[in-house]
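Trainee: Below are the chains, spelled out letter by letter.
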Amino acid sequence: MAGPETAGPGAAETVAAPRASFQRRLLATTGQKVAWTIVALFVLAALAAPLIAPFDPNAQDLRHTLQPSGGGHLLGTDDFGRDQLSRLFYALRSSLVIGVLTTFGVALIGLPVGLLAGYARGALDVVVARAIDIGLALPSLVLALGLIAAMGAGLRSTVIALIVGYSPYLARVVRSVVLQVRQEEYVESARVTGVRPWRIVLRHVLPNVLGATTVQLTLIFAFAIVGEAGLSFVGLGVQPPSASLGNMLAEGANYTLEAPMLAIAPGVAIAVLLMALLFAGDGLRDVADPRRSR
Amino acid sequence: MAVQLTVPAADGGRRAARRRDGPVARSGRLAGRVALSLLQAVVVAVGATSAVFLLMRLIPGDPARILAGPGGSVTEEQIAMTRRELGLDDPLPVQYWDWITAAARGDFGTSLVLGETVSDLLGDRLVVTAQLSAYSFWLAVALAIPVSVAAARWQGAAADRAARLVGSTGIAVPSFWLALLLIIVFQGYLPIFGYVPASESLVDHVVHMILPAVALGAGFAALVFETNRAGLVETLGSDYVRTARAFGIPEWRVFGRYALRNAFLPTLTIMGIQAGALMSGALLVENAFALPGMGRLIVQGVLSRDYPVVQACILVIVVIFVVVNLLMDVIYALVDPRVRRSRGRA
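Same order as they appear, the protein sequences are chains Z and E. Residue numbers for the first sequence follow full-length UniProt numbering, beginning at 1 and rising by one. Residue numbers for the second sequence follow full-length UniProt numbering, beginning at 1 and rising by one.
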């Protein structure tokens, strides 16, 4: 923990509680391994869906609908007799595609906007900062509903809606980090010696922002997966027959009595993946910014 | 009273400063802060409602054509007349002004699909959504705050570890899935679907709202718990709390007067930010429990591209969210003794 970076307020804490901090860091690394392994397994399952899925996810078998697990169907079958496990693997594909596209989109919008708002002074900062506030004042799901009303339901609209909804969150975090970094002496001296603003931003500010950005993007990836599930749950996201975690839950909601597994399995997948991602994000935060580790 | 003077000095000498200024200067600062929050809220509200307004203009399809009647039987003149009546020929700022002032009077126009006025459609549904959100909010706060205090008090104990495990699980469980799980568990024991107004039967009302409120509030409770516990743990390890303890101030007073007050600030911020997520979550949870709230209405509106309905629903949610955040700002200013610099939340 030594080094110039910890010479701030964090240094006192480190001295005060080295034991607790060490324990927590140790715990974080073991838990970290588990969390990242789970994330990797989900990604693998999604990528390898065509190879590992025991059945065609859309093949109907109307004589064997709403079957409990067994008879080759590990998670049973749905109301069309489709194999739940195979659909779950393909649903993970939808979720990961949406998660990755949303994360990229948010990075493309949120990062430059945050840099601009944080580094520019005066009217530009005020305008962009207020725009971020306004974006945050529109709850992302509600904003997504509005955008889908304009664009029609579907995967493309879902991704665009989630990008618009989550970009202000990244922009706000980036802006606040930039506001701190621009006070640093090396940025100040670069400015005084006449280095051009865009060069200062790229060479001195951006590298400092990347840590917080990575952490935030991990969370946004997680939010995007929940966001898709929520939108598809009410029928506005990924449209059937394509499987998604959300529309599988929506289907399961109709058969809570007859086949509860339909509503349980996709939710377990969401919750486990989400927990792993949040935990991984926490670990990243500790690595990216030792001062903020709790 | 010497203790009082020395201990708070550890939190930056705020109290000493307050004493020097006297109550008048403090209330003046508070008023300034509240006025600033109000101004910010107005700016955000105008910006957000303009965004909603413009967004709805992106919806394909000419509302005048839809309203004028089914295609074929109407002439272009009739459509042009409807356009004029709806004010669709006016410049956008004029249209926005007309819309927002009408909305302020409770006039949200007429649904393009259902034929009823939007305010009629909204009325009772808004009550259901607001009730669900409010019940979840208070349920979560009533549960999470005491538990977080106990967890921080007995840090590292088995109960604390168990609470943290439940907390981190709770954050990862989407409300609409928890709703399904509760339905699976309680079907047959509790009436699951539908809504009974409190005026009709208070008992039935509570019985019908309890599962939706738990489903919606659980994640929020987990978040409030984690934030407040983390804040408490941090403040309890701080110098001024140690000093307070060294001075022999009773433990309950250390908690109530020093630790909780400072730890509560980030919790308030989280509560404000999450209020929007709580209301959006309500829209989804309502769908699971077949509650006649705004959730069904807005989803139907989105599917049928009924823009007056979608626009009104979003407007109402945004305004509630802005007002809740304004309230949080004011509470923040009341709790936070540092509020005297007229600085934004930046």
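Just so you know, these hints were derived from the structure itself, not from any lab. Note that beta-carbon positions come from the ideal geometry of N, C-alpha and C, so glycine has one too. One or more hints might be untrue.
[As the list claims (entries may be wrong)] Reference excerpt, derived from the structure (chain E facing chain Z, CB under 10 Å, subset only):
id, residue
1, 96
2, 130
3, 178
[Stated by the list, open to error] Covered stretches of chain Z (chain E as the covering partner; in silico rule of three or more C-beta atoms under 8 Å from a C-beta of chain E):
id, segment
4, 38 to 44
5, 73 to 85
6, 102 to 110
7, 217 to 231
8, 246 to 256
9, 268 to 276
Trainee: Look at each hint and say if it fits the structure.
Mentor: Hints and how they fare:
1. Contact between residue 96 of chain E and chain Z, as hinted, is not supported at the beta carbon level, the nearest pair being about 15 Å apart and thus beyond 10 Å.
2. At its closest, the beta carbon of residue 130 of chain E sits 15 Å from a beta carbon of chain Z; the interface hint therefore is violated under the 10 Å criterion.
3. Taking 10 Å as the C-beta contact cut-off toward chain Z, the hint placing residue 178 of chain E at the interface holds, the least distance being around 8 Å.
4. Chain E is given as covering the segment 38 to 44 of chain Z, and this is violated because 0 residues of the stretch bring a CB closer than 8 Å to a CB of that chain, at least three being needed.
5. For a cut-off of 8 Å, the count of residues in the segment 73 to 85 of chain Z with a CB near a CB of chain E stands at 0, and the three-residue condition is violated.
6. Against chain E, the segment 102 to 110 of chain Z contributes 0 residues with a C-beta closer than 8 Å to a partner C-beta. That does not satisfy the three-residue criterion, and the hint is violated.
7. Restraint check on the segment 217 to 231 of chain Z versus chain E: 3 residues with Cβ-Cβ distances below 8 Å, three needed, restraint holds.
8. With 4 residues bearing a CB less than 8 Å from a CB of chain E, the segment 246 to 256 of chain Z meets the requirement of three and the coverage assertion stands.
9. A count of 5 residues in the segment 268 to 276 of chain Z with a Cβ less than 8 Å from any Cβ of chain E is obtained; the coverage claim is therefore met, three being the minimum.
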